[in-house]
Amino acid sequence: MVIIMNLDIFKSEKIKAVLVSVNEDMTEQQISSSLDELERLLETAGGTAVARVIQNRTSPDKATYIGSGKVKELAEFIKSYEEEIGLVVFDNELTPSQIKNLENELETSVIDRSMLILDIFALHATTGEGKLQVEIACLRYTAPRLMGKGLQLSRLGGGIGTRGPGESKLESDRRHLKRRIYALSEELQEIDKVRSVKRASREKSGIKTAAIIGYTNAGKSTLLNYLTDAGILAEDKLFATLDPTTRKLTLPSGNEILLTDTVGFIDRLPTHLVKAFKSTLDELKYADIIVNMTDAAEPDNERLKKRAVTEKLVEELGAKDKPQILVYNKIDKAVEGEFIPNDALAISAIDGTGVDKLLIKLDEIISDGKKVLQLFFSHTVQSKISDVYRLARVINTEYTDDGTIVTAECDTRAEGSFKEFIFKT
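Following numbering that gives the first Met the number 0, the numbering of the sequence shown begins with 0 at its first residue and continues without gaps.
In case anyone wonders, no lab produced these hints; they're calculated from the structure. One or more hints might be untrue.
Straight-line C-alpha distance at most 16 Å; calculated EDC-like pairs for lysine to aspartate or glutamate [as the list claims (entries may be wrong)]:
no.	residue 1	residue 2
1	K197	D281
2	K99	D111
3	K247	D367
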């Protein structure tokens, strides 16, 4: 067992925690990188890591994950530490029995990586939809882990008039959770219906949409703020933004596009969160363009790992075939000599460096396949002109004695809609 002390935070008033990782087949660098991310998650949740425990094992111990000897050593360290340690966070996923056994031995709270991420999501959810999604995810995670403490009250009631098969407290709690999950899911479906109506309205308007995606803390919210003055909270923290924000942006050509800031991805994102945030993540699925952001200030190996996580989730969400723009953000902080692919745009969402190239690229994708057409509408079909404004980009309108000539940039859909009105000279 290796304990690495963090000597700079002894006087911090935040909850003190020990980070624990069991190494089965990872390199030292991979372990360090994973624990660095776990520490950042802890800080986002309001805690401070005072030590790291790295245990090498060929397989986890069924009872305590790290083995009884190492649990005893960790317990002694916690007791001897000069300040109270209120939490132990495992970088691995624990079973309910392992958590129970560890808490009994260590006499302090024990959580795993998934529980920490769920806590952060609960902390940062601000809208009604976000709170619903987080609660559903938490309940889905909690339901199969109900054991131990609930069994102390194994029978409800007791004595004359209450005997019989009864119902265990555990079963009662599970039934309650199941009802609560169902009720929350019903509420979420209603919100999803409203989102679907808005999405359909956007599609009818002909305005293209772009989803800004990427690993958490890649700078997605900062970019949307820079481009649209969206006013989104953009902090140097993991999962600072949970609720999607959509803003309209006018590109250099005059084309309009809707940009959506999405929830950040992370390695080993709990499946319960992915399920609960399905309606939010659908913004990626239904977007016309994907802006895939990467933190250019990180070392090459970290960027490649995080890009792989993002690309895997994009594929799982059924969006891998959509047009993508790869963006390397934070070049103002990038280390000289770090590799940036030729097909990537290098930008700084803080000061705007390179953002003009991103706008041009968005313009190119939107304009691909569009034609400038002249459409003629006689006086009897003037009402059709409003459809042109809805489905195409109007460049010029000319009024004549016989009717109106509208010059507009049309995509394939709009061209088909107005085929009979195309002006023939």
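Outcome of the hint check:
For the proposed pair K197 and D281, the alpha carbon gap of about 13 Å is at most 16 Å, so the pair holds. Distance check on the hinted pair: K99 and D111 sit about 12 Å apart at the alpha-carbon level, within 16 Å; holds. Note on K247 and D367: the hinted pairing is violated, with a Cα-Cα distance of about 20 Å set against a maximum of 16 Å.
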